[in-house]
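Fit chain B to the supplied structure of chain A, relying on the hints for placement.
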Amino acid sequence: MTSNETPTFESLGDIDRTIHEPARLLVMSHLSVLESADFLYLARQTGLTRGNLSSHMRKLEEAGYVDVEKTFVDRLPLTVFRLTEAGRKALETYREQMTQVLQSLG
Amino acid sequence: MMSTPSEVKDLKLAAVRETYSDGLTEIVTGGLFFIVALATGRPAFYWTFLFAILLLGPGLQRLKARYTYPRIGYAKIQDEDPIRMRNGVLSWVLGVFLATAIILAATGHITDNLAWRRAAPAIGGLLFSGGFLYLAQQSRLARHWFLAAFSAVTGILMVLPPIPEPYGNLRVWAMVMALVCLTVGAVVLRGFVKTTPLVDERMPDDE
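Residue numbers (my numbering), protein chains in the order written: chain A, 1 to 106; chain B, 1 to 207.
Extracted from the complex, chain A is given alone in its bound form (with noise of 0.2 Å):
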């Protein structure tokens, strides 16, 4: 190992773990791309589990990268999920690390 390599390496412990967790990295990357989703959007999206994807929804809420909304459309209650402004920049530094780390790797 150089010593160019140690700080890449070392910053792997920096790593995000509520995003590095691949269900919730996975519903993270679908909601970076929408202003909005509901439940069952996600849970056919990523094909989770209903009360898998309600655990992992709350640890996002809990971490505060995703913020959820009781709304109506036509008269129809939905629960809606949005990525907040935490949770895109927790999103942007995760990959931006994770690339430094496996370009490192040759």
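Just so you know, the hints here were simulated from the structure itself, not pulled from any lab data. Since this is a predicted model, take the numbers as computed values, not measurements. Hints are not guaranteed to be accurate.
With a straight-line cut-off of 20 Å between C-alpha atoms, the simulated SDA-like cross-links for lysine to any residue are [unchecked claim]:
id, chain 1, residue 1, chain 2, residue 2
1, B, K12, B, P82
2, A, K89, B, L11
3, B, K12, A, E35
Frame of chain A, contents of chain B only:
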């Protein structure tokens, strides 16, 4: 700035395609063409702009809330940059009118009111073609490319047959477009309803 990975672009494309997978946009657009056909040559024509806003806005949303969201869920695509959108629409509209004016000037009919009336289907066809091209660029669905080409080609061809009634060509063109859009939309909706069952369960927080 980092480049966007193709997978993220694919996610956006998939989301856009999901949005149009129900065929309702084509059905509502067909309804709008039908109204244009009925209102052409009448004072009510100016109200079609209001109908367009109502049908493609709250009208379409209502239909989607009833038939689409309970099946595939709700997703709102990020809005385009409004300035870029406005500039794009204005450039397209100005381009269509400028092209028509150049052709009419070249044939010595630029001040001829009747020539402008006869050109109305071509103007309409090219204007709506711009809308379908925008959809096609977003969704990359074959039917949107087809509708863009069909709108432009039939609009231009409809200038040729001599229909004595003022704006008669425009009415016929709008009716043809209505039938095509409604047919395309109905076929897509039928497939959508058949292959995408209703999902009864609501998310736990809704209960």
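Do the hints match the structure? See the list:
1. K12(B) / P82(B): Given pair K12(B), P82(B) holds - Cα atoms ~19 Å apart, limit 20 Å.
2. K89(A) / L11(B): At roughly 19 Å apart (the allowed maximum being 20 Å), L11(B) and K89(A) satisfy the hint.
3. K12(B) / E35(A): Holds - the C-alpha atoms of E35(A) and K12(B) are around 11 Å apart, at most 20 Å.
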